[in-house]
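Novice: The primary structure of each chain is shown beneath.
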Amino acid sequence: MAFFNNFKLQTPENVELDFTLAGIGNRALALIIDYSILSIVQIFYLLILIILPNLISNIIANFIQDIAAIQTWIIAIFLLIFFVTNTGYFAFFETLWQGQTPGKRFAKIRVIRDDGRPIGLQQATLRALLRPLDDILFIGVLLIIFSESEKRIGDWLAGTLVIQEESEKSSANFLISEEAKTLVSYINNTANLTKLSPENFAVIREYLQRREAMLLQAKHELSRKLAYQVKDIIQLAEIPEGTTANHFLEAVYLAYQQQNLS
Amino acid sequence: MNNNPNFPQPMGPLSVGNVASAALRLYRDRFKPYFGVSFRASLWSIFPFIVLIPLAVIFGLLAGNDQPNVGILLLIIPVWLVFGTYCWSHALKNAALISRLAFKELINQPETVQQARKNISKLWSFFWLQFLVNLIMFVISLLLSMAQGLVIGLPASLIKGGFAAFLILVGYLLYYVAYFWFYARFFISETPFVIEENSTVSQAIGRSWTLTKGFVGRILLIITVAILITIPVYLLALIPIFSLIPILSLIDQNDPTQMMILGGRIVFSILGSFLLFLLLNIAALPFWQIVKGVVYYDLCARKEGLGLDLNDSL
Numbered sequence: 000m001a002f003f004n005n006f007k008l009q010t011p012e013n014v015e016l017d018f019t020l021a022g023i024g025n026r027a028l029a030l031i032i033d034y035s036i037l038s039i040v041q042i043f044y045l046l047i048l049i050i051l052p053n054l055i056s057n058i059i060a061n062f063i064q065d066i067a068a069i070q071t072w073i074i075a076i077f078l079l080i081f082f083v084t085n086t087g088y089f090a091f092f093e094t095l096w097q098g099q100t101p102g103k104r105f106a107k108i109r110v111i112r113d114d115g116r117p118i119g120l121q122q123a124t125l126r127a128l129l130r131p132l133d134d135i136l137f138i139g140v141l142l143i144i145f146s147e148s149e150k151r152i153g154d155w156l157a158g159t160l161v162i163q164e165e166s167e168k169s170s171a172n173f174l175i176s177e178e179a180k181t182l183v184s185y186i187n188n189t190a191n192l193t194k195l196s197p198e199n200f201a202v203i204r205e206y207l208q209r210r211e212a213m214l215l216q217a218k219h220e221l222s223r224k225l226a227y228q229v230k231d232i233i234q235l236a237e238i239p240e241g242t243t244a245n246h247f248l249e250a251v252y253l254a255y256q257q258q259n260l261s
Numbered sequence: 000m001n002n003n004p005n006f007p008q009p010m011g012p013l014s015v016g017n018v019a020s021a022a023l024r025l026y027r028d029r030f031k032p033y034f035g036v037s038f039r040a041s042l043w044s045i046f047p048f049i050v051l052i053p054l055a056v057i058f059g060l061l062a063g064n065d066q067p068n069v070g071i072l073l074l075i076i077p078v079w080l081v082f083g084t085y086c087w088s089h090a091l092k093n094a095a096l097i098s099r100l101a102f103k104e105l106i107n108q109p110e111t112v113q114q115a116r117k118n119i120s121k122l123w124s125f126f127w128l129q130f131l132v133n134l135i136m137f138v139i140s141l142l143l144s145m146a147q148g149l150v151i152g153l154p155a156s157l158i159k160g161g162f163a164a165f166l167i168l169v170g171y172l173l174y175y176v177a178y179f180w181f182y183a184r185f186f187i188s189e190t191p192f193v194i195e196e197n198s199t200v201s202q203a204i205g206r207s208w209t210l211t212k213g214f215v216g217r218i219l220l221i222i223t224v225a226i227l228i229t230i231p232v233y234l235l236a237l238i239p240i241f242s243l244i245p246i247l248s249l250i251d252q253n254d255p256t257q258m259m260i261l262g263g264r265i266v267f268s269i270l271g272s273f274l275l276f277l278l279l280n281i282a283a284l285p286f287w288q289i290v291k292g293v294v295y296y297d298l299c300a301r302k303e304g305l306g307l308d309l310n311d312s313l
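In order, the protein sequence lines correspond to chains G and X. Numbering that gives the first Met the number 0 applies: residue 0 is where the first sequence begins, and numbers increase by one. Numbering that gives the first Met the number 0 applies: residue 0 is where the second sequence begins, and numbers increase by one.
Since the hints were made in silico from the structure, they are not lab data. Errors might be hidden in some of the hints.
What the hints assert, rightly or not - Output of the computed footprint for chain G on chain X, the stretches with three or more beta carbons under 8 Å from beta carbons of chain G:
hint : region
1    : 122 to 129
2    : 159 to 169
Claimed, not checked - Here are the simulated DSS-like cross-link-like pairs (lysine-lysine), alpha carbons at most 27 Å apart as the crow flies:
hint : chain 1 : residue 1 : chain 2 : residue 2
3    : X       : Lys117    : X       : Lys31
4    : X       : Lys103    : X       : Lys212
5    : G       : Lys224    : X       : Lys103
6    : G       : Lys194    : G       : Lys150
7    : X       : Lys159    : X       : Lys31
8    : X       : Lys117    : X       : Lys103
9    : G       : Lys218    : G       : Lys150
10   : G       : Lys218    : G       : Lys7
11   : G       : Lys218    : G       : Lys180
12   : G       : Lys218    : X       : Lys159
13   : G       : Lys218    : G       : Lys230
14   : X       : Lys121    : X       : Lys103
15   : G       : Lys180    : G       : Lys194
16   : G       : Lys230    : G       : Lys180
17   : G       : Lys150    : X       : Lys117
18   : X       : Lys212    : G       : Lys224
19   : X       : Lys212    : G       : Lys107
20   : G       : Lys218    : X       : Lys103
Claimed, not checked - Okay, the calculated beta carbon distance ranges per label pair:
hint : chain 1 : residue 1 : chain 2 : residue 2 : range
21   : G       : Leu260    : X       : Ile106    : 28 to 38 Å
22   : G       : Gln257    : X       : Tyr175    : 47 to 57 Å
23   : X       : Val78     : G       : Ile135    : 45 to 55 Å
Glycine included, each C-beta is placed from N, C-alpha and C at the ideal position.
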């Protein structure tokens, strides 16, 4: 079963690009963060609004007589600032950060144009202006959930898509022990590493990447299970005495890598 | 490696947003069975209250005979409580069942509702588990409010003024932060209980505690995202109440008959909204239960390397 919507894109150069759409969860998360930031800014505005009008009107009162009208003006100006902040926040960040706002950056999603190009000021502004319409009665949420391409009204009109950022397969950032390094030549000489498929290797790599976060007991059991499986796959008669499962897996990882590099 | 659709592999750990997306997607694809189970769960949970109606009538009739019989009442209450516990166990079991179905779907071992039902023999323990978790949370909130009163309330009452108000606000904030921290730690208690064979109640609660360690922030974020997604559904329940607004301006407040009619409409609207809310709750329940299943899957993947198996990756 596919848990995330995919989107295929044919570029003019006939290259097919495959995107994973952002999904309602990531978009909701980004929205929560962006709106939290905006709320903090607006609370700050509100505090100023409470303090300033009297101050300003007192100053201006020296020149103009009708104080009540001035206060209304100040409130109007602030409402305008509210609106500009709300709309500007999204337009500004999405233009500057190539389709990302702080919330979207956190949720690792990005707005792009329907043809895969980065969005510009025009698309970002249109999306931002239509945002209130999408927010009314949560129309946007429903549209994202129920449409195949996960577009809210703003996305339809601006011709944009929201996609997940390709998570770069981070280069191996785990430590390999000295014991494992001494084991490598033994494995190279006695085992048949060609039996290990790239997918097998990927699982070993994934384990080594993720093991630090695992519970001790689970890590212990899993490393033993994987070690025995690897031993069978690469047809290794026996593992040298005193080798831990973790060292063995590290060594296989290194040996496989070296063999594929050479 | 997970990006290549030709090699369907376990998804591995999910991001906060993807937990909610995957849960919703799963719900959409399996709407019928999950909604059916949710409907059953909801029926079980209101059944004890429906039974109260004839019970009250019978008791009223008996009392009407000038013999207020305390003995019967004393008999009825414990019987009703046992009956209620039985029904609520069924409700909780059905709800938990959805989490199991979702989890099995995620590990590529899908079950039908019947199969899943057959694999869970426990019943009463579901009530016991929920009771224990609620009790723990109750004690925690009690202790927290005591601490809040002693550490912040007391000094605040001595200094008074603006700073005291600020202190009290901070006190409440800390209280809720701590409360929700514990809430997250017990969030998936019933999930391992319904998924893992031979799990006892205390093991399940312990497992929720162990697995959620260090992931409280993530879980709370997931819950917040899930709430945001379910809000539109619950908004629908307000339609009957909102439908009153246009009428309100047309009513002549001095006309008693019009006011009577308005009163009637208000009562009906509130009742309508309440019923709609119950119905929508049935629709929203599976989503929450699936979220629990996905969170459990995610934590197992992170903390126990669930899905890392060389025999699956050929």
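Novice: Taking the hints in turn, state whether each one holds.
Specialist: Hints and how they fare:
Here the region 122 to 129 of chain X counts 0 residues with a CB under 8 Å from a CB of chain G, which misses the bar of 3, and the coverage is violated. With 0 residues bearing a CB less than 8 Å from a CB of chain G, the region 159 to 169 of chain X misses the requirement of three and the coverage assertion fails. Note on lysine 117(X) and lysine 31(X): the hinted pairing holds, with a Cα-Cα distance of about 19 Å set against a maximum of 27 Å. Our distance criterion of 27 Å between C-alpha atoms is met by lysine 103(X) and lysine 212(X), whose separation comes to about 23 Å.
Straight-line distance between C-alpha atoms of lysine 224(G) and lysine 103(X) comes to about 21 Å, which keeps the hinted pair within the 27 Å bound. As the CA atoms of lysine 194(G) and lysine 150(G) are separated by approximately 46 Å, the hinted pair breaks the 27 Å bound. The hinted pair formed by lysine 159(X) and lysine 31(X) fails the criterion: a straight-line CA distance of about 58 Å is larger than 27 Å. For the suggested pair lysine 117(X) and lysine 103(X), the alpha carbons sit about 14 Å apart, so the restraint of at most 27 Å is met.
A hinted pair counts as satisfied when its Cα atoms are at most 27 Å apart, and lysine 218(G) with lysine 150(G) does not qualify at roughly 42 Å. Taking the CA atoms of lysine 218(G) and lysine 7(G), the gap is near 38 Å; set against the 27 Å cutoff, the hint is violated. For the hint pairing lysine 218(G) with lysine 180(G), the CA-to-CA distance comes to about 21 Å; that is within 27 Å, so the pair holds. For a cut-off of 27 Å, the pair hint linking lysine 218(G) to lysine 159(X) is broken: about 54 Å separates their Cα positions.
In summary, the hint linking lysine 218(G) to lysine 230(G) is supported, as the alpha carbons are separated by about 18 Å, within the 27 Å threshold. Distance restraint check for lysine 121(X) and lysine 103(X): the Cα-Cα separation of roughly 18 Å lies within the 27 Å cut-off, and the hinted pair is therefore satisfied. For the given pair, lysine 180(G) sits about 21 Å from lysine 194(G) by alpha-carbon distance, which is consistent with the 27 Å threshold. Taken as a hint, the lysine 230(G) and lysine 180(G) pair is honoured in the structure, with Cα atoms around 17 Å apart against an allowance of 27 Å.
Our distance criterion of 27 Å between C-alpha atoms is broken by lysine 150(G) and lysine 117(X), whose separation comes to about 41 Å. With a C-alpha separation of about 25 Å, the suggested pair lysine 212(X) and lysine 224(G) falls inside the 27 Å cut-off, and the hint holds. Note on lysine 212(X) and lysine 107(G): the hinted pairing holds, with a Cα-Cα distance of about 24 Å set against a maximum of 27 Å. A C-alpha spacing of about 22 Å is found between lysine 218(G) and lysine 103(X), which places the hinted pair at or below 27 Å, so the restraint holds.
Between leucine 260(G) and isoleucine 106(X) the beta carbons are some 34 Å apart, a value that agrees with the proposed interval 28 to 38 Å. One distance hint, 47 to 57 Å for the beta-carbon pair glutamine 257(G) and tyrosine 175(X), holds here, with the actual separation near 54 Å. At roughly 51 Å, the beta-carbon separation of valine 78(X) and isoleucine 135(G) lies within the given 45 to 55 Å, and the hint holds.
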